[in-house]
Amino acid sequence: MNKTSSVAGAPKQMTFRRSKTRLSDKIIPILLGMCALLSVVTTIGIVYTLLQESIIFFKEVPVWSFLTGTTWSPILPPKEFGVLPLLGGTLLITGIAILFAVPIGLACAIYLNEYAPARVRGVVKPVLEVLAGVPTIVYGYFALEAVTPFLQKIFPDMGIFNALSAGIVVGVMVLPMISSLSEDAMRAVPKTLRHGAYALGATRFEVALKIVLPAALSGVVSSFVLAFSRAIGETMIVTVAAGATPQLTLNPLESIQTMTSYIVQVSMGDVPRGTIEYGTIFAVGLTLFVITFLLNILAQWVARRFREEY
Amino acid sequence: MEAIIQIEKLNLYYDTYHALKNVDLDIPEKTVTAFIGPSGCGKSTLLRTLNRMNDMIPATRIEGSVRIGGTEIYGEDVHVEALRKQVGMVFQQPNPFPKSIYDNIAYGPRLHGIKSKSDLDGIVEQSLKQAALWEEVKDYLKRSALSLSGGQQQRLCIARALAVQPDILLMDEATSALDPISTLKIEELVQELKSTYTIVMVTHNMHQAARVSGQTVFFLNGEVVESASTDVLFSTPSDARTEDYISGRFG
Ligand SMILES: Nc1ncnc2c1ncn2[C@@H]1O[C@H](COP(=O)(O)OP(=O)(O)O)[C@@H](O)[C@H]1O
Ligand SMILES: [Mg+2]
Chain G
1 MNKTSSVAGA PKQMTFRRSK TRLSDKIIPI LLGMCALLSV VTTIGIVYTL
51 LQESIIFFKE VPVWSFLTGT TWSPILPPKE FGVLPLLGGT LLITGIAILF
101 AVPIGLACAI YLNEYAPARV RGVVKPVLEV LAGVPTIVYG YFALEAVTPF
151 LQKIFPDMGI FNALSAGIVV GVMVLPMISS LSEDAMRAVP KTLRHGAYAL
201 GATRFEVALK IVLPAALSGV VSSFVLAFSR AIGETMIVTV AAGATPQLTL
251 NPLESIQTMT SYIVQVSMGD VPRGTIEYGT IFAVGLTLFV ITFLLNILAQ
301 WVARRFREEY
Chain C
1 MEAIIQIEKL NLYYDTYHAL KNVDLDIPEK TVTAFIGPSG CGKSTLLRTL
51 NRMNDMIPAT RIEGSVRIGG TEIYGEDVHV EALRKQVGMV FQQPNPFPKS
101 IYDNIAYGPR LHGIKSKSDL DGIVEQSLKQ AALWEEVKDY LKRSALSLSG
151 GQQQRLCIAR ALAVQPDILL MDEATSALDP ISTLKIEELV QELKSTYTIV
201 MVTHNMHQAA RVSGQTVFFL NGEVVESAST DVLFSTPSDA RTEDYISGRF
251 G
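Those protein sequence lines, which keep their order, are chains G and C. First residue of the first sequence? That's 1 in the UniProt record's numbering, and the numbers climb one at a time after it. First residue of the second sequence? That's 1 in the UniProt record's numbering, and the numbers climb one at a time after it.
Looking at chain G on its own, in the form it has when it is part of the complex (with noise of 0.2 Å):
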């Protein structure tokens, strides 16, 4: 840094060398590489102990049968194979939850970002987000000991085993991820979008359903799409709530059986390995693994397709 000693007129030279590679530089990316790896490697795994063994069932049940048969009778003769009420078991109960969460999830991220006092929300938001926390089998009890004995007051024919009280637990299970995600997405929106909406005489309610709730739409609809594949899934609540009768009903205030419920209730029992019993698990569970798939990437077409930009 002499300059005295430098030649007159040449110019500084420079050298851009490090002074030593350090070796957290090579080993980071080797690690974060694994990582990534290790869950395509179980993704993988997933698909192939499926398919493996659902091949086995599809040998005696013709795929054709079983996605469009209305019996589900595996264990007890005649047996039969249909997977639609299952399916429908599993609609109903998402059919209910979604009906019930989208609305309520909706109006609680409105009114926490657009209504509530900072102080509120500062609040009301963690404490959503332990309710999201709740372990399901707690919210089963909590639709079997609570919400149905109060439903049977409105529908006294209805039994203690029903798909209405399920769905609408799991409908609070999934709510405050709708709420948390699209409070989010609409806390996104730029202020001066909102400022610039105040500024015509818009009401606070006209700002968030004409401004914000657009301007957050892919937000908030890959929440509904989310808490959709939540619902789907969702074992425990209609494992405890809403019975095991496989039946293709839209009575919500009957008892039905979900596609998960049907899988623990034969991962319970003592079903012997290799039977077509069995194989009814990696069947069914594999048509969950499907839907669930195409429900994630419909989610990620909506988050592209709503996609406002701002």
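Just so you know, these hints were derived from the structure itself, not from any lab. We put the CB at the ideal spot given by N, CA and C, even for glycine. One or more hints might be untrue.
Here are the computed lysine-lysine pairs in the DSS-like style, where the Cα-Cα straight-line distance is at most 25 Å [stated by the list, open to error]:
#: 1; chain 1: G; residue 1: K210; chain 2: C; residue 2: K115
#: 2; chain 1: C; residue 1: K185; chain 2: C; residue 2: K99
#: 3; chain 1: C; residue 1: K142; chain 2: C; residue 2: K129
#: 4; chain 1: C; residue 1: K99; chain 2: G; residue 2: K191
#: 5; chain 1: C; residue 1: K115; chain 2: C; residue 2: K142
#: 6; chain 1: C; residue 1: K138; chain 2: C; residue 2: K117
#: 7; chain 1: C; residue 1: K194; chain 2: C; residue 2: K30
#: 8; chain 1: G; residue 1: K125; chain 2: G; residue 2: K153
#: 9; chain 1: C; residue 1: K129; chain 2: C; residue 2: K115
#: 10; chain 1: C; residue 1: K194; chain 2: G; residue 2: K210
#: 11; chain 1: C; residue 1: K30; chain 2: C; residue 2: K9
#: 12; chain 1: C; residue 1: K142; chain 2: C; residue 2: K194
#: 13; chain 1: C; residue 1: K99; chain 2: G; residue 2: K210
#: 14; chain 1: C; residue 1: K138; chain 2: C; residue 2: K185
#: 15; chain 1: G; residue 1: K210; chain 2: C; residue 2: K142
Stretches of chain C that chain G covers, calculated by requiring three or more beta carbons in the stretch to come under 8 Å of a beta carbon on chain G [said to hold, decoys possible]:
#: 16; stretch: 172-179
#: 17; stretch: 222-236
Got chain G; can you put chain C with the ligands on it based on the hints?
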């Protein structure tokens, strides 16, 4: 000339910070009034009291009186939404909604109950013409407003404000984010609009104030130091601080 905006003994506090001190000011109708002064002296704050956008800032306290068209706007039976319909605002950063050009302009009229397609079409065309943007966008009304350049976006925001037929237009450094050519276009536009609208603009650019305004108000530390016709204020200011500021000795 009759003042359309009359401000008397106005004090504004952000929590404990005294941002506007005893402001007395009359703003005449159908002229351009410019607020000048160093950054942080309260220009934007005063502008926001005129359409009550300060209401949204928590812990803001206001004392004194602001009358617009003879009505006390901080009075009991004033609807802020109705006030803001009459007192439009354009912001420093262009803030078009992430919607089509058409829907940006139609947003305000729709809020205020206009539904008929032909009425809306007429308003959109007229507002865009008033904002000197019609020729550039008339074939692309369905395109996203975000595809426009910054200068076009700002003129769109002006058109959007005009679409609800306000009497007063507030502009808070509306050209400071724009290039010189866009700035010039907006200054020309302001000249056009002043025959129909009362315009109050904040600018940190004294030359802009001198070019476009009829009245200039000089602020310092939350106080109005001097308010006079622009010619007078820039040629023979009566306060030494005004003279220091316009001759570039501070700010
Ligand atoms: N939302 C706010 N909360 C607290 N203080 C504010 C707020 N907005 C502005 N101020 C303060 O009030 C003073 C005036 O601000 P402003 O009106 O924005 O000045 P100008 O527009 O002249 O630059 C500044 O000191 C600023 O820090
Ligand atoms: Mg300002």
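Evaluation of the provided hints:
1. K210/G to K115/C: holds, 15 Å
2. K185/C to K99/C: Holds, at roughly 24 Å.
3. K142/C to K129/C: The given pair, whose Cα atoms are some 17 Å apart, holds under the 25 Å limit.
4. K99/C to K191/G: holds, 16 Å
5. K115/C to K142/C: holds, 18 Å
6. K138/C to K117/C: With Cα atoms ~16 Å apart, K138/C and K117/C stay inside 25 Å; holds.
7. K194/C to K30/C: holds, 5 Å
8. K125/G to K153/G: The hint is violated at about 32 Å.
9. K129/C to K115/C: holds, 21 Å
10. K194/C to K210/G: Violated, at roughly 31 Å.
11. K30/C to K9/C: It holds: about 24 Å lies between the C-alpha atoms, which stays within 25 Å.
12. K142/C to K194/C: violated, 30 Å
13. K99/C to K210/G: Satisfied, since the Cα-Cα distance of roughly 11 Å is no more than 25 Å.
14. K138/C to K185/C: holds, 18 Å
15. K210/G to K142/C: holds, 18 Å
16. 172-179: violated (count 0)
17. 222-236: Three-residue rule not met by the stretch 222-236 of chain C, so violated; n is 0.
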